[in-house]
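**Student:** Here are the chains, one letter per residue:
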Amino acid sequence: MTQINFANLGSAAATEQKRLAGYKAMLMVCTGTGCVSAKAFSLQDALKEEISKRDLDKDFLVVGTGCNGFCGQGPILVVQPEGVFYQRLKKTDMVRIVEEHLIGARPVEDLMHRDLSSNEPIHKMDDIPFFSKQKLIALRNKGLVDPENIDSYFARNGYTALKEALEKGSPKSVLDEVKTSALRGRGGGGFPAGVKWASCMAAVKKTGKEPVVVCNADEGDPGAFMDRSIIETDPHTVLEGMCLGAYAIGAKEGFIYIRKEYPLAVTRLEKAISQARDRGLLGDGIMGSDFSFDIVVHRGAGAFVCGESTALMASMEGRAGEPSPKYIHNVESGYKDRPTVLNNVETWANIPVIVDKGGKWFAAIGTGDVSKDPWGGSSGTKVFSLVGNINNTGLVEVPMGITMREIIFDVGGGIPDGREFKAVQTGGPSGGCLPASLLDEPVDFDTLTKAGSMMGSGGMIVMDDHTCMVDVAKYFMEFLKDESCGKCNPCREGTVTLYGILDRITSGKGVKGDIDELERISRVMEAGSLCQLGATACNPVLSTLRYFRDEYDAHIDEKRCPGKVCKDLITFTINDECNGCMVCAKRCPTNAISGEKKAKHTIDQKECIKCGICNDVCKYDAVNVE
Amino acid sequence: MDVAKIDTILKKYNGDSDFLIEILQDVQTEWRYLPVDLMRHLADELGVPLARVSHIATFYKAFSLEPRGEHEIQVCMGTACHVKGASRVLDAMSRELGIEEGQTTADKKYTLEAVRCVGACGVAPVVVIDDEYHGDLMPDASAKLISRHMKEGAR
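Top to bottom, those sequences are chains P and B.
Letter 337 of the first sequence, counting from 1, is numbered 337 in our numbering, and no numbers are missing.
Letter 150 of the second sequence, counting from 1, is numbered 150 in our numbering, and no numbers are missing.
Keep in mind the hints are simulated off the structure, nothing from the lab.
Each hint should be verified, as a subset may be incorrect.
[Claimed, not checked] In silico DSSO-like pairs for lysine-lysine, Cα to Cα no more than 27 Å straight-line:
(1) P:LYS271 x B:LYS11
(2) P:LYS271 x P:LYS260
(3) P:LYS326 x P:LYS336
(4) P:LYS610 x B:LYS144
(5) P:LYS586 x B:LYS151
(6) P:LYS619 x P:LYS606
(7) P:LYS610 x P:LYS559
(8) P:LYS260 x B:LYS11
(9) B:LYS61 x P:LYS260
(10) P:LYS91 x B:LYS144
(11) B:LYS144 x P:LYS586
(12) B:LYS151 x P:LYS90
(13) P:LYS487 x B:LYS61
(14) B:LYS151 x P:LYS91
(15) B:LYS144 x P:LYS597
(16) B:LYS5 x P:LYS336
(17) B:LYS5 x P:LYS271
(18) P:LYS606 x B:LYS144
(19) P:LYS597 x B:LYS5
(20) P:LYS567 x P:LYS606
(21) B:LYS109 x P:LYS39
(22) B:LYS12 x P:LYS619
(23) P:LYS260 x P:LYS487
(24) P:LYS606 x P:LYS559
With the sequences and hints as input, model every part of the structure.
**Tutor:** What follows is the structure in structure tokens.
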């Protein structure tokens, strides 16, 4: 295995570029988790087989890439370099792609994405609205590199930023670029990375202890999978970012704390680390310099609170992940009481680009003026997982300052099934739900916080008019009461009590005064919780109360669920559209539906458990939910 | 207690108690639960109090003190799955298997769990059976998936 040094990194990249240029086309099969759930691996095998069968291996290369981002359309195949995009593929489609597109040079239009309004096929990936409004920095290599092959990262100029820094720069030059970029932490807090790194260095000077860098890949926010995708797609960008950070602050040791719920990401990460070690990009004397640094992976074991910095440090030491009071910050005394820089996956993924292109370039993207103060705005881009009731579900990277409306309606293609937009939830369980009146607000750290939500790690869950906002608040409180570590009283008792009240309201047993009680307990939790899990736990309740109070009132005063979700407040009946096809009767798990063939059916309300399956399977809109 | 198996696991992590959580994960995978005598053995070998081992065993969701089923069915309860009907999916699975969430079938074949976001939100609602992801799974389809799985397993 050739060791990479300053002199040969360029030629390693050129060799791989030349090898890839030797193919007539590269077939990039998305093998992110979303597409894998739609059998992408067997698709990849089938495609390879079709190509081999025709003896075309010399002309066409099949590459399994990480997440393409357009998860809702998986499995996905992109033919590069021309950029033709195919979606929702089946194994049987592979023959057609090989025969018609690769051999016959006639791209297969009926396997392409179609414009939502004109229904015309769109040939090129870049012309699909989902992709055209995005700006890629952290995800710059998505769909273009093989995450399991380090040479593929070299071919995209990977590790060049590290080489330049080690060869021609200095720790200070790296820190200066990161400071100038005003990059704020992508894990949710939005703390400027440059300021954090500088404080850590000051602590090293004061204590004389060796610092460490840590990557937080414990992406626990439900509805968010940015970090998972970055690691599954381009693990080396995270490793290079960490190397640069370690070089800047003088760390020799690094850790990545990743959820065990992400098995594919763990595998790819471990593979990437071992390849980087083999090529001299981790370990002693990186690229022949006198900088030594290595990374150890710790796997979480299923505890949301471990995303909290002090809990994460405890878990990394092999203990229960309970937070500690933050009188002393991690930058001074973190992992094993050593000065620690903790950034999340997306933050680290931005670092190589910032060092390569310069902090000023990065700071020019986004909102506000960050030239004097990193808190003056939000620079760069942000990756969001755009999911829920939206046409184009998937992962998007957009410049800070873009409006919610642009993300949801231009990139996301709006709400499916002719339904109305009701709310968008950002910031995970610490965030909130924002209504349609705020759609034209810019998306940045400060605007979202002011609106009663937060940026969080980037989950963006779109909800249509068939969503009950009280149920959403209850959902988050159920999550938080289970995930509260139980160490401090306000969070442990507060989450349980809030959940109890919300459960009562959604069961139609809400009473006058419940809303005041929700607000009163929320204030106590905000003021008295030990960590941010508890202090922000009330946000889903407070934000839904702020923007959707009428729904709470409907549940409490009228015993009615406007979103038609809360089981105790709805009934299912069959209307005159029913043509007696009997599908619902067959699928009803309690046999509550009766009726003759070709005659209108009826639901026995005593037997109905309100599972909603009849409504799901009915093709004639014959089920009323009231 | 298979000491050789435990030694292999301990060796993988150089007997370093910083990796206690990972060690217990490997034990959980191997035995499908954390037997008490095994936790005691690990505490001795690693030189840590048994209280620390049991604290971890009861703190993190990955661990179980009762044997889990041969197949683990995880219904994702992430936000995207929730708005797309995950709780109805869980109900359907529960009806099909005849057990409540968190329980294991009497024949020890299946354990049904509601889990936090598995990060496949783009294809919600999602169910994971033994690490295999199934996306866009509505309640009706999820019930069919389980009955098919049970039939195939019986063969």
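**Student:** If a hint holds in the structure, say so; if it doesn't, say that too.
**Tutor:** Okay, the hints, checked on the actual structure:
As the CA atoms of LYS271 of chain P and LYS11 of chain B are separated by approximately 20 Å, the hinted pair is consistent with the 27 Å bound. A C-alpha spacing of about 16 Å is found between LYS271 of chain P and LYS260 of chain P, which places the hinted pair at or below 27 Å, so the restraint holds. Restraint check for LYS326 of chain P and LYS336 of chain P: the C-alpha separation of about 15 Å stays at or below 27 Å, so the hint holds. For the hint linking LYS610 of chain P to LYS144 of chain B, the alpha-carbon distance of about 19 Å falls within 27 Å, and the restraint holds.
Of the supplied pair hints, the one linking LYS586 of chain P and LYS151 of chain B holds, its CA atoms being roughly 20 Å apart against a limit of 27 Å. Between LYS619 of chain P and LYS606 of chain P the alpha-carbon distance is near 24 Å, which keeps this suggested pair within the 27 Å criterion. Restraint check for LYS610 of chain P and LYS559 of chain P: satisfied, since their Cα atoms lie roughly 17 Å apart, inside the 27 Å limit. Distance hint between LYS260 of chain P and LYS11 of chain B is fulfilled; the C-alpha atoms sit about 20 Å from each other, no more than 27 Å.
Of the supplied pair hints, the one linking LYS61 of chain B and LYS260 of chain P holds, its CA atoms being roughly 11 Å apart against a limit of 27 Å. For the hint pairing LYS91 of chain P with LYS144 of chain B, the CA-to-CA distance comes to about 22 Å; that is within 27 Å, so the pair holds. Between LYS144 of chain B and LYS586 of chain P the alpha-carbon distance is near 13 Å, which keeps this suggested pair within the 27 Å criterion. Of the pairs offered as hints, the one joining LYS151 of chain B and LYS90 of chain P holds, with about 25 Å between alpha carbons and a cut-off of 27 Å not exceeded.
At roughly 17 Å between alpha-carbon atoms, LYS487 of chain P and LYS61 of chain B fall within 27 Å of each other, so this suggested pair holds. Only pairs whose Cα atoms come within 27 Å are accepted, and LYS151 of chain B paired with LYS91 of chain P is accepted, the gap being roughly 25 Å. Taking the CA atoms of LYS144 of chain B and LYS597 of chain P, the gap is about 23 Å. The hint holds against a cut of 27 Å. Between LYS5 of chain B and LYS336 of chain P, the direct Cα distance comes to roughly 30 Å. Violation of the 27 Å bound is thereby established for this hinted pair.
For a cut-off of 27 Å, the pair hint linking LYS5 of chain B to LYS271 of chain P stands: about 25 Å separates their Cα positions. Proximity of LYS606 of chain P to LYS144 of chain B is assessed by CA-CA distance (about 25 Å); at most 27 Å being required, the pair is judged to hold. The straight-line distance between the Cα atoms of LYS597 of chain P and LYS5 of chain B is roughly 61 Å, outside the 27 Å bound, and the hint therefore fails. Our distance criterion of 27 Å between C-alpha atoms is met by LYS567 of chain P and LYS606 of chain P, whose separation comes to about 14 Å.
In summary, the hint linking LYS109 of chain B to LYS39 of chain P is supported, as the alpha carbons are separated by about 25 Å, within the 27 Å threshold. Straight-line distance between C-alpha atoms of LYS12 of chain B and LYS619 of chain P comes to about 55 Å, which puts the hinted pair past the 27 Å bound. With a CA separation close to 24 Å, the supplied pair LYS260 of chain P and LYS487 of chain P stays within the 27 Å bound. For the hint pairing LYS606 of chain P with LYS559 of chain P, the CA-to-CA distance comes to about 20 Å; that is within 27 Å, so the pair holds.
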